[in-house]
Amino acid sequence: MAPRPGFVLEVDGSTPPILFHHGEGFRLEKLPVGRSRVIYPAEPLPGLKDPDTAIRHALEHPYDSEPLSALLFPGMKLTIAFDDISLPLPPMRRPDIRQRVIEAVLDSAAAAGVDDVEIIAALALHRRMTEAELRHAVGDRVYDAFAPTGKLYNHDAEDPEGMVILGTTPHGEDVQMNRRAAESDLLVYVNINLVSMDGGWKSTATGLSGYTALRHNHNVKTMQASKSFMDQHRSELHSSNWRMGKVLRQSGPKIFQIETTVNNNSFGTSGPLSVLQKREWEWSAKDRATFLGMQAGLKRMPASARRKMFSSWQAPYEMTSIQAGDVESVHKVTTEHVYRQHLVPVEGQTDILTMGLPYICPYNVNSIMNPILVMCLGLGYFFNLYRGRPLVREGGVLIMSHPTPWEFHPVHHPSYIDFFEQVLSETTDPLVIEQKYEKSFAEDEWYRHLYRTSYAYHGVHPFYMWYWGSHAMAHLGRVIIVGGDPRAVRRLGFMPASTFADALEMASDVVGRHPTITHYHNPPVLMADVT
Amino acid sequence: MTPRQWARRMSFPLRSPSVPASVQPKAEPPRTGVDFETAWARKPAARIARRVLHEVVVEPVVRVVADPNLRGLDRLEDLDEDQPLIFVANHHSHVDTPLLLRRLPKPWRTKMFVGAAADYFFPNRLAGIASALALNAIPIERTKVNRRSAMHAASLIDAGWSLLIYPEGGRSPDGWGQEFKGGAAYLAIRCEVPVVPVYVAGTDRIMPKGKSFPTPGSTTLTFGPPLHAQPGEDARRMAQRIEQAVATLADEATSDWWQARKRAHAGTTPSLSGPNAVSWRRAWAKSASRNGTGKPTRRRWPEL
Numbered sequence: 001m002a003p004r005p006g007f008v009l010e011v012d013g014s015t016p017p018i019l020f021h022h023g024e025g026f027r028l029e030k031l032p033v034g035r036s037r038v039i040y041p042a043e044p045l046p047g048l049k050d051p052d053t054a055i056r057h058a059l060e061h062p063y064d065s066e067p068l069s070a071l072l073f074p075g076m077k078l079t080i081a082f083d084d085i086s087l088p089l090p091p092m093r094r095p096d097i098r099q100r101v102i103e104a105v106l107d108s109a110a111a112a113g114v115d116d117v118e119i120i121a122a123l124a125l126h127r128r129m130t131e132a133e134l135r136h137a138v139g140d141r142v143y144d145a146f147a148p149t150g151k152l153y154n155h156d157a158e159d160p161e162g163m164v165i166l167g168t169t170p171h172g173e174d175v176q177m178n179r180r181a182a183e184s185d186l187l188v189y190v191n192i193n194l195v196s197m198d199g200g201w202k203s204t205a206t207g208l209s210g211y212t213a214l215r216h217n218h219n220v221k222t223m224q225a226s227k228s229f230m231d232q233h234r235s236e237l238h239s240s241n242w243r244m245g246k247v248l249r250q251s252g253p254k255i256f257q258i259e260t261t262v263n264n265n266s267f268g269t270s271g272p273l274s275v276l277q278k279r280e281w282e283w284s285a286k287d288r289a290t291f292l293g294m295q296a297g298l299k300r301m302p303a304s305a306r307r308k309m310f311s312s313w314q315a316p317y318e319m320t321s322i323q324a325g326d327v328e329s330v331h332k333v334t335t336e337h338v339y340r341q342h343l344v345p346v347e348g349q350t351d352i353l354t355m356g357l358p359y360i361c362p363y364n365v366n367s368i369m370n371p372i373l374v375m376c377l378g379l380g381y382f383f384n385l386y387r388g389r390p391l392v393r394e395g396g397v398l399i400m401s402h403p404t405p406w407e408f409h410p411v412h413h414p415s416y417i418d419f420f421e422q423v424l425s426e427t428t429d430p431l432v433i434e435q436k437y438e439k440s441f442a443e444d445e446w447y448r449h450l451y452r453t454s455y456a457y458h459g460v461h462p463f464y465m466w467y468w469g470s471h472a473m474a475h476l477g478r479v480i481i482v483g484g485d486p487r488a489v490r491r492l493g494f495m496p497a498s499t500f501a502d503a504l505e506m507a508s509d510v511v512g513r514h515p516t517i518t519h520y521h522n523p524p525v526l527m528a529d530v531t
Numbered sequence: 001m002t003p004r005q006w007a008r009r010m011s012f013p014l015r016s017p018s019v020p021a022s023v024q025p026k027a028e029p030p031r032t033g034v035d036f037e038t039a040w041a042r043k044p045a046a047r048i049a050r051r052v053l054h055e056v057v058v059e060p061v062v063r064v065v066a067d068p069n070l071r072g073l074d075r076l077e078d079l080d081e082d083q084p085l086i087f088v089a090n091h092h093s094h095v096d097t098p099l100l101l102r103r104l105p106k107p108w109r110t111k112m113f114v115g116a117a118a119d120y121f122f123p124n125r126l127a128g129i130a131s132a133l134a135l136n137a138i139p140i141e142r143t144k145v146n147r148r149s150a151m152h153a154a155s156l157i158d159a160g161w162s163l164l165i166y167p168e169g170g171r172s173p174d175g176w177g178q179e180f181k182g183g184a185a186y187l188a189i190r191c192e193v194p195v196v197p198v199y200v201a202g203t204d205r206i207m208p209k210g211k212s213f214p215t216p217g218s219t220t221l222t223f224g225p226p227l228h229a230q231p232g233e234d235a236r237r238m239a240q241r242i243e244q245a246v247a248t249l250a251d252e253a254t255s256d257w258w259q260a261r262k263r264a265h266a267g268t269t270p271s272l273s274g275p276n277a278v279s280w281r282r283a284w285a286k287s288a289s290r291n292g293t294g295k296p297t298r299r300r301w302p303e304l
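Line order of the protein sequences matches chains L and C.
Its first residue numbered 1, the first sequence is counted upward by one per residue in this note's numbering.
Its first residue numbered 1, the second sequence is counted upward by one per residue in this note's numbering.
Only chain L is shown next, with the shape it has when bound in the complex (with noise of 0.2 angstroms):
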């Protein structure tokens, strides 16, 4: 049966309680009847049969470009980078696609007798890999074959020797990239589209790049203008992507990228977690006995045991698309692949948008969701997953749902921990946080140190995280958190609600006694198309 395309749902009386993700838990949520909605995801599509003959396809039938096997002489200087930890989410089961597209370009680059080669995590400011994340990328093979000789390595946008400056754009924006990458004779991108903000220029132009770079489009005036910045027609972080794009084809390496799209089946279609991904009055008995057995486990379980069992949660993603050659002509096909599995036509706007919130986001895979990435995940990504306009109107309100512990990774986030404790504490205006604090935290030298040698996100991490959320901000007329640590949450600037019918009633304040409601029933991802 073809995959069934994402819908709304209008409730009425017989619509059952509706799915809420809730950390390393979840809620069921009854919604008012008559003015509400939910949004639901489209079903997977089917992957490619044969992926590794369709990946050999790809690279010699290329967009705009020579076969790879063209571009590949004996004697050159090859660089193949790769998306990190940050994609896909969950992390997918093996073999992950970046080892599959890995193994088949390193193959065509051994028969054309290529032996300088290096590999490279396309990290940024993220944190670094470690081995056995590097393993689930790239595969046992290639890691053996390229890591003990330090061929493989990931990437350090700290390193000054290790940095090279490529020009600067016509906005006065410095184009920044890993030196090793810039001087190669080809640089292939290896990418994973999880949403239709990823791939493009933003592979290389941030991927590779540093805070040098990246503090002319990781700022509040950008994301502001950002409306959304998943929507690449009207981003502001696309277009400033884009003219770093055109400085590194006029001064940069020659750029081979590989994009591929995923499915959005991340719990699977059987198995303990597909519950998560049916319609409710389409749980069967045994999904319901399921998810009572899950909630009342997860409910006695210590919350590092909760965060351990979801971690080790891999997806069952399925490659529906791979495509190489130039990168804007590549990146125009991957994005409608993206928005073949996750736009859903919705009409209108309504007062108030709901949101579960799920036990990851990009930024602590293997890690803890302190609450700045709660607030991150709810603001900037969920809020943003829109094209046209805000599911929510101006001035409404958002109610998410987490625990958003007070709790965040000493060795991962550092330099969270003091952004939480002093900036926070002050104020969580972007704009004052920006001037005020950022360069004191991009420049620290203790973080810079942890980011290069410890597994630490960068210092200025955090700072991205606040802007990523300043278009919700400036949108939206109050910011509810259900179930969430009540310090914690009034540290975000948020109002704390013990459960879902008290949220409502918080809301009321701004949107009087009877609002609309959208419930944004994501994961699955799912992209709104707003009209």
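Source of the hints: derived by calculation from the structure; they are not laboratory data.
Everything numeric in this text was worked out from a predicted model, so none of it was measured.
The C-beta atom is built at its ideal place from N, Cα and C for all residues, glycine as well.
There could be a bad hint or two in this list.
What the hints assert, rightly or not - Now the stretches of chain L that chain C is said to cover, found in silico as 3 or more residues with beta-carbon under 8 angstroms:
1) 43 to 54
2) 106 to 112
3) 136 to 144
As the list claims (entries may be wrong) - Below, a list of computed lysine to any residue pairs in the SDA-like style, where the Cα atoms sit at most 25 angstroms apart:
4) Lys111(C) x His54(C)
5) Lys77(L) x His57(L)
6) Lys49(L) x Asp158(C)
7) Lys49(L) x Arg109(C)
8) Lys106(C) x Gly271(L)
9) Lys254(L) x Ala305(L)
As the list claims (entries may be wrong) - Not close to chain L: a few residues of chain C, all C-beta gaps over 10 angstroms, as computed:
10) Arg42
11) Arg109
12) Ala127
13) Trp257
14) His265
Dock chain C against the given chain L, drawing on the hints supplied.
Quick look at chain C alone, frame taken from chain L:
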């Protein structure tokens, strides 16, 4: 009176008749070797007995003696689980078969038969029963082409059974490989099923040919990408491809994947059969090479 004496005292028809000297006795149909009947070993009762034997006896022994490191299983991810496969491996030791039967991926290993040398595993009724029950082995003629063996194997593959076979035809006498015979390739073409090459490393030190008791050691199984028969390809050429695939896996196991790919494309993959030299030089070369388990073997002679 002993039972034997008592039986001898019984007369026909209580005991079997004697044959008159002038009469040519009627030839018994052969029931051993390649003619050993094994259909009973795939019936539910035998399958259950084999499962119990594997779980209770074979598995603990494999864990203690040669628990292997598995590499390359991800290469089988795209295969249809209902599709039978032919697993081909190099063959060093009697340890190979139990090791593979326990560590080949599910679901194929749950419905698998083994091609076993008819002269070695089915010389008499008792050995044949043991081989068929424990390994789900079918007798394969290894010295000459035998139509009956091939048809029997093909009919089982057509019925959904996967095959484990050693195309070298027997265990390596000195640790180096032998030329691959064409049986596996013939079946792959005849039944249109993929061949999965497997390189087994380390079992030659656990129990080499000529040794009757194993010494625990480290082993590695490296699985290669499935090979499909190409249009118009004959068994001889496919057998060469299979041998080449196992040789590439051996290279991958002893160096790394990237070096192995470069040598494969340059046509310089080391041969499985080792140097063409006198035996002591082959033994020297074997002891100098790494064994594919990631650990160098101990040299038989000191460095001079």
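Results of checking the hints against the structure:
1. 43 to 54: holds (count 3)
2. 106 to 112: It holds: at least three residues are needed, and the region 106 to 112 of chain L offers 4 whose Cβ sits within less than 8 angstroms of chain C.
3. 136 to 144: Satisfied; 5 residues make the cut.
4. Lys111(C) x His54(C): 13 angstroms, holds
5. Lys77(L) x His57(L): The hint holds at about 24 angstroms.
6. Lys49(L) x Asp158(C): 23 angstroms, holds
7. Lys49(L) x Arg109(C): 24 angstroms, holds
8. Lys106(C) x Gly271(L): Holds: Lys106(C) and Gly271(L) sit about 18 angstroms apart, inside 25 angstroms.
9. Lys254(L) x Ala305(L): With Cα atoms ~47 angstroms apart, Lys254(L) and Ala305(L) exceed 25 angstroms; violated.
10. Arg42: It holds; Arg42(C) is separated from chain L by about 30 angstroms at its closest Cβ, greater than 10 angstroms.
11. Arg109: 19 angstroms, holds
12. Ala127: 40 angstroms, holds
13. Trp257: 4 angstroms, violated
14. His265: 4 angstroms, violated
Of the numbered hints stated above, those contradicted by the structure are hints 9, 13 and 14, listed in ascending order.
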